[in-house]
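Colleague: Chain by chain, the residues:
4 protein chains.
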Amino acid sequence: MLSILAQGLLAASVVAVNNGLARTPQMGWNNWNSLGCDVSEALLLDTSRKLVDFGLRDVGYNYVLLDDCWQDGRGDDGYIRVDEQKFPHGLKWVAGQLHDQGLLYGMYSSSGEFTCARYEGSLDHEEEDAKSFASWDVDYLKYDNCYHRGRFGYPEVSFNRYNVMAKALKATKRDILFSLCTWGEDYVHTWGMSIANSWRVSGDIYDHFNRPDALCSCTDAKDPFCVAPGTHCSVMNIINRVAPYVDKGAPGGWNDLDMLEVGIGGMSDAEYVAHFSMWAAIKSPLLIGADLRTLSPEALSILNNPAVIAVSQDPLGKSAALVSRNLTVPKDQYGEGETQIWSGPLYPNDQLVIFLNAANEDLEIITSLDEIFVRHGPGGSAPHTKEKWDLYDLWAKRMDTSVAKKVINSPPGTLNGVKGWYNSTETPYKAGLEAGDERLLGTKVGVAAPGEIKVKVPRHSLKMYRMRSQK
Amino acid sequence: MLSILAQGLLAASVVAVNNGLARTPQMGWNNWNSLGCDVSEALLLDTSRKLVDFGLRDVGYNYVLLDDCWQDGRGDDGYIRVDEQKFPHGLKWVAGQLHDQGLLYGMYSSSGEFTCARYEGSLDHEEEDAKSFASWDVDYLKYDNCYHRGRFGYPEVSFNRYNVMAKALKATKRDILFSLCTWGEDYVHTWGMSIANSWRVSGDIYDHFNRPDALCSCTDAKDPFCVAPGTHCSVMNIINRVAPYVDKGAPGGWNDLDMLEVGIGGMSDAEYVAHFSMWAAIKSPLLIGADLRTLSPEALSILNNPAVIAVSQDPLGKSAALVSRNLTVPKDQYGEGETQIWSGPLYPNDQLVIFLNAANEDLEIITSLDEIFVRHGPGGSAPHTKEKWDLYDLWAKRMDTSVAKKVINSPPGTLNGVKGWYNSTETPYKAGLEAGDERLLGTKVGVAAPGEIKVKVPRHSLKMYRMRSQK
Amino acid sequence: MLSILAQGLLAASVVAVNNGLARTPQMGWNNWNSLGCDVSEALLLDTSRKLVDFGLRDVGYNYVLLDDCWQDGRGDDGYIRVDEQKFPHGLKWVAGQLHDQGLLYGMYSSSGEFTCARYEGSLDHEEEDAKSFASWDVDYLKYDNCYHRGRFGYPEVSFNRYNVMAKALKATKRDILFSLCTWGEDYVHTWGMSIANSWRVSGDIYDHFNRPDALCSCTDAKDPFCVAPGTHCSVMNIINRVAPYVDKGAPGGWNDLDMLEVGIGGMSDAEYVAHFSMWAAIKSPLLIGADLRTLSPEALSILNNPAVIAVSQDPLGKSAALVSRNLTVPKDQYGEGETQIWSGPLYPNDQLVIFLNAANEDLEIITSLDEIFVRHGPGGSAPHTKEKWDLYDLWAKRMDTSVAKKVINSPPGTLNGVKGWYNSTETPYKAGLEAGDERLLGTKVGVAAPGEIKVKVPRHSLKMYRMRSQK
Amino acid sequence: MLSILAQGLLAASVVAVNNGLARTPQMGWNNWNSLGCDVSEALLLDTSRKLVDFGLRDVGYNYVLLDDCWQDGRGDDGYIRVDEQKFPHGLKWVAGQLHDQGLLYGMYSSSGEFTCARYEGSLDHEEEDAKSFASWDVDYLKYDNCYHRGRFGYPEVSFNRYNVMAKALKATKRDILFSLCTWGEDYVHTWGMSIANSWRVSGDIYDHFNRPDALCSCTDAKDPFCVAPGTHCSVMNIINRVAPYVDKGAPGGWNDLDMLEVGIGGMSDAEYVAHFSMWAAIKSPLLIGADLRTLSPEALSILNNPAVIAVSQDPLGKSAALVSRNLTVPKDQYGEGETQIWSGPLYPNDQLVIFLNAANEDLEIITSLDEIFVRHGPGGSAPHTKEKWDLYDLWAKRMDTSVAKKVINSPPGTLNGVKGWYNSTETPYKAGLEAGDERLLGTKVGVAAPGEIKVKVPRHSLKMYRMRSQK
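Protein chains in written order, with this note's numbering: chain H, 1 to 471; chain U, 1 to 471; chain D, 1 to 471; chain Z, 1 to 471.
So here's chain H without its partners, still in its complex pose:
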């Protein structure tokens, strides 16, 4: 039995921003985290081919997103210009190349006079720019928040500013996924879903697991008015920011925890596994940030794990939630350290549970069915707490590094389907789950029964299980 709230959400078929997109969190690739302004036609085309060849398109990464720095000012006609050095064939041509490969094409602008890199922004030119995007066959718009000329500070003024672009996009009649890059400002989690398919909840991510940085000053999840959401926010900072409102994500509109750092190089393999798993569990968009031209086998084998992606793309569309947090654990040199337990429902009647160790030592983390199912009924009042549950480790079937290396190094097209990778275009995740596809279920490693449940988790890593009732 699902919780009351879950029933309510499922019973209703209305969605807020009714463009029909992002029924599960969007997946794809964006150049910013690894390449910044170093963008070009060649980059996008090279990347698109890697997405196909590495099987990443098949597991679900179908958006190729061009971030900032493609602009060349605005013409006298009011229309924004594309940098012809970087994109000699124009962007419509790029879109066509991507579409031909079964991929979708996304772009970037800012709801400001400038973009964050100080290129031409769309503020007060929303209609012209939406027309341009549509005319270039764009499928996705990431819309940033820099240089807004003071038009923020309370929800209505930000809503109105972003809504101008939402309406301009809708007026084009083209279905364009609308992604707000609002850094969690002005309570966007309460209104983003009315006009957009996702909304950022924090300052920009950077490639570290938990180091606090002076330029990511907002660490109190409850404070909506913190001065500077910032640009150097760690994985743990972002997780803790979104914890109070993970329930705001739902089919059609998602909390966006920012693009992935997996494979870029600042974290350990286990930290990247944790980062990727949490993004999937919280139903964030999954946008690869690494440069695919130099992707490591280890990174590939994180990004292409269908058992974890199936959590992200779960038909229920319900985020896991933080059910317990322990701050009395060994701290690191930054004074940081904690463990967390996350839990949430999975399709059809499964339950996700995550044991996250962000402490500075290997630890045994303890929980119980009462805690795991607290949102189905507190104090052990949920019937789920009386059952026995099989535990499936969702990382047990991770691709071998040797195989991943082969995938990366083989000539294009020669290794499609190696080891039978999951093809979600052929078999959507819902169908795969219904068919009991083992690639999605992971490996059974134990049983959770009433009483204490203990799991050993190494420092800066997590354990992630799908629970299935033995009934």
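No wet-lab data here; the hints were simulated from the structure. Since we're looking at a predicted model, the values are computed, not measured. A couple of the hints might just be wrong.
Said to hold, decoys possible - Within a straight-line C-alpha distance of at most 30 angstroms, the following computed DSS-like cross-link-like pairs (lysine-lysine) qualify:
1) K86/Z <-> K222/D
2) K248/D <-> K86/Z
3) K170/U <-> K222/H
4) K386/H <-> K331/U
5) K331/Z <-> K386/D
6) K454/H <-> K331/U
7) K454/D <-> K331/Z
8) K331/H <-> K386/Z
9) K331/H <-> K331/Z
10) K331/Z <-> K222/D
11) K405/U <-> K386/H
12) K170/U <-> K86/U
13) K397/D <-> K430/D
14) K454/Z <-> K331/H
15) K248/D <-> K222/Z
16) K331/D <-> K331/Z
17) K331/H <-> K222/Z
18) K50/D <-> K167/D
19) K222/D <-> K222/U
20) K331/D <-> K386/U
21) K456/D <-> K331/Z
22) K405/H <-> K386/Z
23) K222/H <-> K222/Z
24) K170/D <-> K131/D
Claimed, not checked - Example chain Z residues on the side facing chain H (calculated, C-beta under 8 angstroms, incomplete):
25) P155
26) E156
27) W191
28) A221
29) F225
30) A243
31) G379
32) S381
From the three backbone atoms N, C-alpha and C, an ideal C-beta is built for every residue, glycine too.
Keeping the supplied structure of chain H fixed, place chains U, D and Z upon it in accordance with the hints.
Modeller: Here is chains U, D and Z on its own, set in the frame of chain H:
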């Protein structure tokens, strides 16, 4: 002698929202806490009969409230449609059935484009929906806060949004109790009374006494801008949220601590007693949340205690206030633990005092007349501190479980008036108090005199006394 | 040499609200603190005679202020009605009686639909009510903040709301001192002076020195959005609220710390002395709150101390400021305890220094000239720190209780001028200071020289000195 | 290789407020900190000659700024009047005198009805006043925030208020550097650059290194709504306020840390060195606050250090950022104490590193290349962390006191170019850096290599190094 402030309030006869309703906090039943979206005509009718048969109507629970999920979109004519599967005879017919039993009928909508369960909301359709409610003979509207399209963030914008419905209801000429479900946002305690009969002060309650939950992030009573009031707020969280402005409730407009969890199953009997007592003392609406079709005798004997309900329905209409709080007590696994003493005036010249033990151990709680009467004059300057007071235990006459079981299990109509339950329709609480009805006064158990007053209170429970001067 | 800032302020002759009033903080009497809604013509007339007979008018208390509860609704003509039971001769007649005694007459309303005691308010009736006040020869308006229909939450909306009355008063052409009762909300200390002569900085005072109360929840001086400024704020709470912006008061517009509790009964004599001294030092209005018909001799001898009133009415009009605060001192049962040192310039070249002991024990408080003159130049860089200063105790010449008793008990008119009390109408404080009047200077008790300065101060009391350079 | 973000910023040539000014932080002199309202024609002319004679103009201090108190009300024609006592020849004549010496002329007003010293303000007279300034050949406007009549509280209202003057200045067609004195209110760091060349980030500085003062209450860098930014803010307070958004400064628009206290007398020489160095590193405007007529040789030798000024005027225009902060160090009598490490890129491929000891003892501060280059890639992922770097002490070539004394005491014109002081008019800093001018590089004192880097730093001082790769 009453305090200065009390005199002021009593002297004036003006009320803010002048619909004449809710002169004492409203009482009734609402389906959400136990049944969520699982609503139907049968549920409301079955429940109405239980209210009558169990004597709950007689002690004051006269509103039957249908919460979310009754909608079926909006017609081209702009009018909202009722789900005909769930309500085959329509809602006006339901209202008639309830009215015939001496009950009143309430409904739910949201000041948003959608309701919280993502059904059709009333935002920008307030006039049509108010007309519908009036045409269906509705007596009460619970009006929620989801999907407001950014129209919140400071008091004026929320006031204006809610005032549209307030005016639409008034325009129908039907007296409809207006209940704001604003989660304490935008300082609603400072303006709710101008347009409504009650206003929610916190995120949604859940069925636990004091467990903090990540989805109820707002724990600092003083912070109006906390990010997510949430959906899993414990009894103690809510009590602590409202403590700074309990004085804002007054006849005609009340702080709403959310619907009762009594009998749903996540708390102990003593915790439910504490929960119910505090709601009565703070003058919250008393809305049963349990499914009456499966109500336990223990729960019934909490809900039907006339001595505590008489506190809720006291003619003075003044909330008790928190006079002392001790945080240096044993904590539980959540790090929670405290004791509190609450006190406030009762009609005609009595005083309520509550010893609440939310610590993790049985404790002796100590106070004095100086503290109990601090708001009549601090530092022992109130004349009340020189008198002796009889203490009446308001839970001493709680119905026996065996009797409650009989009430629940007997055929309809056969047990009305068992053990002489209180009938507030025949004898309003004010009249009962004036007549010295023992069912309202509880049982005298001791005397409070100048000097230390000590009361033993078990873990997670309270002692609740009516004090009467010996003069 | 005065500080840079002082020079700037003195050099300019412009004042913000240019009605010419409150060039020094207003002084007078208000009924609320002791009598609440129990108002009448007789009360005002009896009080006015006491003000004269006790010499209080002569030391400066010249406003007689009628607070809430005089209203009797609003007529169909839009004009507010006076309660004829309480004021059978009407209010213009009352004003005349007061004016005949050399006193001024003040009234109360609220910038809300109701007053705080739920009588008729002036919101959206400002012009009619200002006309009424002027037609009744009113000299002062205390203007409250209850029931504002959501029109607050950021400075502009509160400013605009209050400015309507400011303009209405100005339009009457009568000089009416305008006193905002805004509880420190919406940064009134940054804009109050543009439209008014004083503005409240906290919730309502109550008669206790330092007890925290749940109904006065705003204890962090830096937080402008705290939920409920409240109604039970202690002397220490208010002092700490205003400390960050004491410099906002200046001739014509003052921070208002609320009416005095001196003599009402909840504090010790030493606590009342401290309360009164701090109000004078911070340049708050000095409004007696006690019932003069039952005033104690001890209270009289606090209220009539011309040496302290001369600090309040100092020609420089500059508040003392908090120069050091020590929280590591013995705490009381509320967990409260601190010592503070306040300092500020006095006319002509003197310096005020206060040693305030709000700790739970008698203590020796230590300071230095470097600290006392830190705002004339930090780090000992002010030339003042090289001089020697005579210390004059401003409480040394406090009237004997026996004399005060005689003043209170003697027939009207028979004891005017006892012991030569100070008459500020004949000799304004500035003239008295220039003449070296010993009643204003206090008694020389020591010398402050470079090096450590130590003063013993009993628990919950203060030492208050005027420093005069030996040069 | 620069960081991603740096690339983005450099790649774009658009600037926000496109008046072409302040491409590096402005430098000059302002009278307020030492002289307040004591302004006159003679002061400005005397000062201008000192700027030239002391070589300060040559190192870059080219703005002479007249602060508050020059006004004499407003005429019936709506135009502001100049105090003819203080400026008998008028201000256009003053401007001419300054221009003749190769200096620029700046003035002051406030976006309020009054200035902070209560002279005539420009609010609602922006067009007239901008015309006056342009007609007087003014080159710079410092625009304050006092007495704004409640027009603040969220970004849009402040932006709109200041934008009126921005547009009025632009309408004059004269290039006038626009400097917002907004005390960090209303998130000015997010919108200041759209209309102005600099914006204040804190309350007014005072002449102390780290003493907290009750009148500078805003110490939490993250809180945008703190009640009173204040007027007695220490150097450390200001540094900590700006740390979360130092990245908001860029060519054309800068975070303004307020005018310099160097040489005024409240701090030690080492503290002034630290103060000046941090202002340069964070790219604040450098405005001398001391009275040049009595300037000490020590102060001169701080202000004229070209190696530090070259950091301020660095062509990259990127602030250093706080990379680590240690609060567990010995505290002083105010409870203050910390150490900080700051780092940031310098032209062409150098790196600035600062070891700031604000603890109460001499300490050894430890860092590593991983930390210094954390923003080029966290976790040691930046290639810079594998190189060896020469360390150049930027204070090693500080002018001898004996030489500075000679400069100050010699007759005008006789000592220009003593010891070859740097002339940035002849050789801009960029050219000097490209030419490898030793006066800009400091003195090589060591090497930083992978592994621990330890530096001894005396109490209340700093070490400041330019790092150059050995590659």
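Colleague: All the hints need checking, so say for each whether the structure fits it.
Modeller: Hint check:
1. K86/Z <-> K222/D: violated (39 angstroms)
2. K248/D <-> K86/Z: holds (27 angstroms)
3. K170/U <-> K222/H: Violated: K170/U and K222/H sit about 37 angstroms apart, past 30 angstroms.
4. K386/H <-> K331/U: holds (28 angstroms)
5. K331/Z <-> K386/D: OK: K331/Z and K386/D at ~28 angstroms, within 30 angstroms.
6. K454/H <-> K331/U: Given that 30 angstroms is the threshold and the Cα spacing comes to 23 angstroms, the pair holds.
7. K454/D <-> K331/Z: Distance ~23 angstroms between K454/D and K331/Z Cα, so the pair holds.
8. K331/H <-> K386/Z: holds (28 angstroms)
9. K331/H <-> K331/Z: Roughly 23 angstroms between the alpha carbons, so the hint for K331/H and K331/Z holds.
10. K331/Z <-> K222/D: holds (24 angstroms)
11. K405/U <-> K386/H: holds (27 angstroms)
12. K170/U <-> K86/U: holds (29 angstroms)
13. K397/D <-> K430/D: holds (19 angstroms)
14. K454/Z <-> K331/H: holds (23 angstroms)
15. K248/D <-> K222/Z: holds (24 angstroms)
16. K331/D <-> K331/Z: Between K331/D and K331/Z the Cα gap is close to 23 angstroms, so the pair holds against 30 angstroms.
17. K331/H <-> K222/Z: Holds, at roughly 24 angstroms.
18. K50/D <-> K167/D: violated (35 angstroms)
19. K222/D <-> K222/U: holds (13 angstroms)
20. K331/D <-> K386/U: holds (28 angstroms)
21. K456/D <-> K331/Z: holds (27 angstroms)
22. K405/H <-> K386/Z: Satisfied, since the Cα-Cα distance of roughly 27 angstroms is no more than 30 angstroms.
23. K222/H <-> K222/Z: Distance of about 13 angstroms is within 30 angstroms: holds.
24. K170/D <-> K131/D: holds (10 angstroms)
25. P155: holds (4 angstroms)
26. E156: holds (5 angstroms)
27. W191: holds (4 angstroms)
28. A221: holds (6 angstroms)
29. F225: OK, holds: F225/Z within 8 angstroms of chain H, min 6 angstroms.
30. A243: With Cβ-Cβ at 5 angstroms, under 8 angstroms, it holds.
31. G379: Since the shortest Cβ distance to chain H is 4 angstroms, the answer is holds.
32. S381: holds (4 angstroms)
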